[in-house]
Amino acid sequence: MSERPRTLYEKIWDAHVVARREDGTCLIYIDRHLVHEVTSPQAFEGLRAAGRKVRRPDLTLAVADHNVPTTARANGNVGPLLIEDSASATQVAALEDNIREFGVPYIDVLAAEQGIVHVVGPEQGFTLPGTTVVCGDSHTAAHGALGALAFGIGTSEVEHVLATQTLLMTLSRTLEVRVEGSLGFGVSPKDVVLAIVGRLGASGGNGHVIEYRGSTFREMSLEGRLTVANMSIEAGARSGLFAPDEKTFAYLKGRPMAPRGADWDRAVEQWRTLATDEGAAFDRSIRLDASEIPPTVTWGTSPEDIASIDGMVPDPNSFDDPAKRDSARRSLDYMGLTPGQRLQDVTVEHIFIGSCTNSRIEDLRAAAQVLQGRRRSTTIRQALVVPGSGLVKRQAEAEGLDRIFLDAGFEWREPGCSMCLAMNPDKVPPLGRCASTSNRNFVGRQGPGARTHLMSPAMAAAAAVTGRLTDVRELMGGQRLEAAA
Amino acid sequence: MTSFTRVEGRAYPLPLDNIDTDLIIPAEHLKTIGRSGLGGHAFEAIRATPGNVFDDPQYAGAPIIVALDNFGCGSSREHAAWALADMGVRAVVAASFSDIFAGNAFKNGIAAVELGCEAAEALLHAARDHTIAVDLAEMTVTSASGHLFTFAMDPFRRECLLAGIDEIALTLAFAPAISAYEQRMGI
Chain A
1 MSERPRTLYE KIWDAHVVAR REDGTCLIYI DRHLVHEVTS PQAFEGLRAA
51 GRKVRRPDLT LAVADHNVPT TARANGNVGP LLIEDSASAT QVAALEDNIR
101 EFGVPYIDVL AAEQGIVHVV GPEQGFTLPG TTVVCGDSHT AAHGALGALA
151 FGIGTSEVEH VLATQTLLMT LSRTLEVRVE GSLGFGVSPK DVVLAIVGRL
201 GASGGNGHVI EYRGSTFREM SLEGRLTVAN MSIEAGARSG LFAPDEKTFA
251 YLKGRPMAPR GADWDRAVEQ WRTLATDEGA AFDRSIRLDA SEIPPTVTWG
301 TSPEDIASID GMVPDPNSFD DPAKRDSARR SLDYMGLTPG QRLQDVTVEH
351 IFIGSCTNSR IEDLRAAAQV LQGRRRSTTI RQALVVPGSG LVKRQAEAEG
401 LDRIFLDAGF EWREPGCSMC LAMNPDKVPP LGRCASTSNR NFVGRQGPGA
451 RTHLMSPAMA AAAAVTGRLT DVRELMGGQR LEAAA
Chain B
1 MTSFTRVEGR AYPLPLDNID TDLIIPAEHL KTIGRSGLGG HAFEAIRATP
51 GNVFDDPQYA GAPIIVALDN FGCGSSREHA AWALADMGVR AVVAASFSDI
101 FAGNAFKNGI AAVELGCEAA EALLHAARDH TIAVDLAEMT VTSASGHLFT
151 FAMDPFRREC LLAGIDEIAL TLAFAPAISA YEQRMGI
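These protein sequence lines map, in sequence, to chains A and B. Be aware that the first sequence starts at 1, since it is given in the numbering used here, and climbs by one per residue. Be aware that the second sequence starts at 1, since it is given in the numbering used here, and climbs by one per residue.
If you're looking for bench data, these hints aren't it; they were derived computationally from the structure. Computed from a predicted structure; not experimentally measured. Accuracy of the hints is not assured; some may be wrong.
What the hints assert, rightly or not - Short derived list, chain B residues pointing at chain A, Cβ under 7 Å:
(1) V7
(2) E8
(3) R10
(4) A27
(5) S75
(6) S76
(7) D86
(8) M87
(9) N104
(10) I178
Said to hold, decoys possible - If you want the ones that stay clear, here's a sample from chain A, every Cβ over 12 Å from chain B, calculated:
(11) E269
(12) N317
(13) M476
C-beta: ideal position from N, C-alpha, C; glycine also.
Build out the structure end to end from the sequences listed, making use of the hints.
This is the structure we're talking about:
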């Protein structure tokens with residue numbers, strides 16, 4: 001009997017339907033629930049008030065990341081970790097109380113495994129192909145790199161998952177994002193996803209689940225795929241999927257929480273079926289040519305505001321849509337930029353290499369390669385490298401990357417969300433301008449009045465060397481850059 | 001959940017696309033372990049601008065917000081919905097919404113009403129001088145200046161909003177089906 005061809009999304013969805021209501025709403029089983037300190041306290045409080053328990057603590061994993069300082073970790077007030085900000089300390093302490101009370105597995109803030117929740121999940125093998133993964137954080141989309149249907153949820157849904165291990169959902173539409181060909185010199189997965197967000201716009205993926213397809217993604221490393229899937233939400237898509245392949249299996253094999261022995265073999269056999277069937281239809285498709293994607297930076301206050309590094313700050317009058325013209329004007333005013341200004345003439349004083357988008361080992365290697373034998377410009381006020389987890393940090397140190405960063409005048413920090421979102425001591429000061437490998441350039445995102453330019457790790461490193469937005473291809477002229485990350 | 005049938009009153013006109021949840025409530029205020037008290041920090045960056053709508057006495061305490069495309073994009077922080085609820089907002093009418101925000105609003109008894117660009121722009125104009133009414137039973141948005149727009153909403157969400165249903169209690173009634181699923185899948 002021949003079945004209707006299905007997309008990867010539909011296959012994962014179908015396998016997780018617990019019950020279906022007449023109006024089409026489905027009760028979907030959640031295989032993996034990641035919990036952090038910012039979006040969970042009210043959820044645990046809700047359980048407590050209703051006298052409810054966590055249904056499956058064994059499918060739940062908690063780690064603190066948003067509030068934790070990234071400076072050296074000394075004896076302090078939250079267990080052994082010092083958090084000077086009392087509200088941050090309270091929030092981390094509340095997580096530690098809640099995980100004890102409800103019996104949820106927890107990665108201690110001082111453990112080598114601690115890190116950003118979206119770095120930790122894949123690294124521990126907690127995230128697996130074909131699973132449903134949720135977290136009270138919109139960048140949960142990242143886990144789709146491993147072929148998991150992963151999406152961010154609000155705190156009410158966190159409570160719902162804790163209590164029932166399910167969510168009430170309706171089927172999303174499907175969006176194929178196909179990229180074919182090889183990336184040019186100095187072009188990274190971050191540039192690819194910025195190009196995609198630019199093409200789709202910040203709302204283009206609303207109501208959709210993206211599947212990333214094509215030769216560019218097949219050739220891309222798992223770290224690169226994590227960067228791409230991570231920013232699906234910046235185009236409005238809650239999830240972005242990659243079909244699992246040999247690279248996925250090689251990445252996961254031997255991870256602490258991944259299956260072992262005969263279980264591993266059975267799992268891989270099942271994971272091989274997780275691909276979109278020939279002839280399956282997507283609701284929408286877009287296609288990009290990898291060779292046309294340049295090293296990219298953002299100029300505005302939405303991730304859709306992208307430009308090639310060899311380009312200029314756009315003139316708001318060049319946009320057809322009156323709302324876009326208006327928002328471009330406001331963005332340029334906030335960003336302190338002039339229409340027609342060359343992007344490479346824009347000076348920066350802050351460099352941030354980190355975040356759940358770009359803090360994995362390949363990201364650090366790519367930045368270190370640019371910084372090898374170079375130093376940060378004297379005009380740079382602060383340059384941070386914040387590894388995504390303690391394990392990434394350890395590996396980077398084993399490879400000597402920490403020395404390269406320190407010699408280049410960077411601070412080599414402890415893992416956490418850091419300067420991505422201004423919830424911990426790492427902030428960009430008002431009117432400060434930052435070359436950042438994070439995911440959002442929103443007004444005030446890196447601190448009140450902070451100006452953010454999003455870019456790849458190699459591009460942020462290049463900006464550190466010159467003190468301005470810089471084309472890494474020119475800085476590295478003639479030298480070969482590793483393709484990935 | 002707080003039930004929602006109809007709300008009528010002035011509406012803050014926010015003629016912007018892509019109002020992200022960082023703009024609605026900055027990360028600095030996410031350090032709370034409660035849900036209340038966030039209203040005073042909502043739209044801080046906008047409130048810092050002289051002559052902004054939140055300082056205009058004619059909109060004081062307005063229960064509705066009108067905006068353009070992709071309202072609530074970005075971070076999944078439910079604090080954005082809590083902040084709106086705390087400042088007395090019961091309905092947001094916009095050209096479109098981000099998926100996560102629309103869900104968070106709904107869970108807090110706030111109606112997220114999607115009208116499309118043209119209607120949202122017309123309503124923005126009307127909101128400057130006239131009261132607006134959002135009626136979930138009738139599925140209409142009307143203005144005192146004579147506009148009448150109909151809208152669609154996911155039937156399940158509409159039903160929950162009208163009745164103020166506790167979704168977790170609803171799902172817990174499926175506990176046997178959830179257990180059967182776990183057994184069947186060996187998890």
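Okay, the hints, checked on the actual structure:
1. V7: violated, 21 Å
2. E8: violated, 26 Å
3. R10: Where the cut-off is 7 Å and the nearest Cβ of chain A is about 23 Å from B:R10, the hint is violated.
4. A27: The hint holds - B:A27 has a Cβ within 7 Å of chain A, the shortest such distance being about 5 Å.
5. S75: holds, 5 Å
6. S76: Hint on B:S76: holds, closest Cβ of chain A at ~4 Å, below 7 Å.
7. D86: violated, 13 Å
8. M87: At about 18 Å, which exceeds the 7 Å cut-off, the nearest Cβ of chain A leaves the hint on B:M87 violated.
9. N104: holds, 4 Å
10. I178: holds, 6 Å
11. E269: holds, 15 Å
12. N317: A:N317 clear of chain B: closest Cβ-Cβ about 17 Å, beyond 12 Å.
13. M476: The assertion about A:M476 holds, with a minimum of 33 Å to chain B.
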